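K.L.:
Please construct the entire structure, taking both the sequences and the accompanying hints into account.
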Amino acid sequence: MSKKRLITSALPYVNNEPHLGNIIGCVLSADCYARYSRSAGHETLYICGTDEYGTATETKATQEGLSPREICDKYHQIHENIYKHFNISFDAFGRTSTPEHTEIVQWVFDGVEKHNYVTEVKSEQFYCKPCDKFLADRLVKGACPKCEFADAKGDQCDGCGSMLNPTELVTPKCSVCDNSPELRATEHLHLNLPKIKDNLQEFQNEAISEGFWPNNAKTTTQSWMTSRDLTTRAITRDLKWGVPVPKEGYTDKVFYVWFDAPIGYVSITRKAFPDTWKDWWLAPENTELYQFMAKDNIPFHSIIFPATQLASGEDWTMVHHLSSTEYLNYEDTKFSKSNNVGVFGGDVISSGIDADLWRFYLLAVRPERQDTAFSWEDFFTNVNKNFINNIGNLVNRSLVFSKKSFDGKIDEPAYAEEHIEFMKEIHDLQADVTDSFEKVGLKEALRLILKISQAGNVFFDKQEPWKRIKEDPTYAATTLSILTHLVKDIAIMLEPFMPSTSAKIFKMLDIEVQTWEQLGQFDSLYGHQTLQPEILFKKLDEKLIETFKEKFSGGVKEDPWDKVELKVGKIVEIENHPTAGHLYVEKIDLGGEEPVTIASGLVKYFEKEDLLNKHVLVASNLSAAELCGVKSHGMVLAVSKKKKMEVIDCGNAAPGTVITREGEVPKDKPEIDIAAFKEAALRTIDGTVSIDGEALFAGDLGLKTELVLNGKIG
RNA sequence: GGUGUAGUAGCUCAGUUGGUUAGAGCAUCGGAAUCAUAAUCCGAGUGUCCGGGGUUCAAGUCCCUGCUACACUACCA
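Okay, so the first sequence: first residue is 791 according to this note's numbering, each after it adds one.
It is worth saying that the hints were derived from the structure and are not from the lab.
Be aware that one or more of the hints could be misleading.
[Unchecked claim] Below are the DMTMM-like pairs computed for lysine to aspartate or glutamate, each with C-alpha atoms no more than 25 Å apart in a straight line:
#1 K1398 with E1384
#2 K1175 with E1121
#3 K1404 with E1436
For clarity, every value in this text was computed on a predicted model and none was experimentally measured.
P.N.:
Next up, the structure:
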């Protein structure tokens, strides 16, 4: 008796509408495997749900004027609809904001605490009285201690880009109610990972080798265990929207999402299957756990969750195969939620393209070993050439021929040697498909299925039943019998990838749905009669590619040059910064009435004399920033590469000359902050100073570098 | 700046612990066939496996180094 298979896909965070990358990364891959697993006769349970607790939900709720509960209800529904459209066969699709979840999380925590794997750590955090809560780093705002930017956030200053601690802000305020928070001592519970390290490592070594983990899962896990120090990690937070901590002195806190989220797999199972959930989760002897996720989720599933399980002292079912994908990119860029670039779940529904074709393509380009790219063009050709022309055609030509010539009847055949050879070839390939599935090589399995179908097309051509039928009808009938059985096999093997299409084929064959057990049988349809076949899919119209491309490319890309203003500046004075050793303070003539003051970190690379009176390139519309006590009104630009640094020489161009692209008329540009400047990504290309690949000029003079020909400007 | 991952045919990707002449699909070119959604089949070519060193009888694969891209990280002008 084979082991039961418990399958999970990473719980999507409730606030996001998932895009294609999210979908192939976890939910769809896991579904494909779960479907295979069921078909292959393993008792299978596929669990997923939305991860709902945490700061992000609270923040979003405040923004939209709803309660966290309402936000979750709304988005949970969105997720559910999308996955339903994709035909994802969850045995349970739950959520983490349930009483069952609270109960299980607290129970697990009790176990961890009882076994002394919880430590208490003190710290100070801002507390907002009117809001009655501790503030997350991002929720504190105030003036940046470095650049005096007034609206810096507690974790990072949007003005100068530097990383901050909330306690560093000059006039800290609560970003929700604008009142000044007070600093309060607080204590948090930590999970003592160092203490469990040895057990954990033993578990990992075994799981990695027995569960044939992908490379990225191996390396990520090992680097967490060795190269960085495993430290204790906080498992509590000062929030309201979460699982309450059941411990004296901590009752106003909740568990950190990463602690409770993986336990969500368990609680969702329990809510859906209250009588049998332990047979899955507390039965390592006869259950294998397969977990699907994108690579960013690896540490939670290979370290934190297993550590929690071990620490709790229960006899848990622990991850056997960890299937972590790389990322799916979009066209020549990345999926981006904030810029609305790419294809999201809702777009798939509105595209009008059959969900099975999306499934086919996404699984065909599943990023198993390295990042892969989604492109509309590839999508269309892949579906048309690799699926419709191959499998679609084989199914159609076989059933049409059989219907026309034999009225769809399959009679007892008379095998010739070529027939037997072909069946052997198919059996071998099918064994490979099964083997790939067992190693969770979904992409490879699909490739092999296409190969099998192609072999069918070759067989059809070689046997020439349209000729043979004239002189030897029995031979032709035998060929068609084999082909019809092959069509049945394709329906079986295709089911994990394209369930509706598979069902359609079974229907045309006029038989019940079959499973892996019947795979490779070439005699099960004797005496049977198939129905009139229909075309599975019309080809995707390649004329629509451009339309889709435009529709989903996001907003018009901003031209970084619209923001950045550069001028020629002459360094008229230069001295060392009074305190900061690495900075020069220059007075620079930018063509205005008074020279401006700019601080530059060039001490390491240049002597003062080298720079004095030089005409250099200056970023002139940066908002003023205070650097170690000196107010700097811009930035002297230099291009750097490794240890080399070169100031950009503007020759004799007049101070104040505005830099332009070729043939462009200069215009006024508003002040920008350092982050916006960096986004422009100025660089030199083969010695030419350029933005977005276009060369820059000071009047007629093309800006060139001599030392650092290819480098970043900053 | 630090750390990590990656770089294989025109394009998208495979290449298990080092082991013969480095693969697939698409695209391209030539041919065959006409049962089939102008679908199918046969044949053909292509590679400085990012560059440079090294270890080895043997390197796409291991080590060092340079370049490039991406991710994380840092008191980045």
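K.L.:
Now, for every hint given, state plainly whether the structure supports it.
P.N.:
Verification of the supplied hints:
1. Of the pairs offered as hints, the one joining K1398 and E1384 holds, with about 21 Å between alpha carbons and a cut-off of 25 Å not exceeded.
2. Under the criterion of a C-alpha separation no larger than 25 Å, the hint pairing K1175 with E1121 is consistent with the structure, at around 20 Å.
3. Between the alpha carbons of K1404 and E1436 the distance comes to roughly 13 Å, so the proposed pair stays at or under 25 Å and holds.
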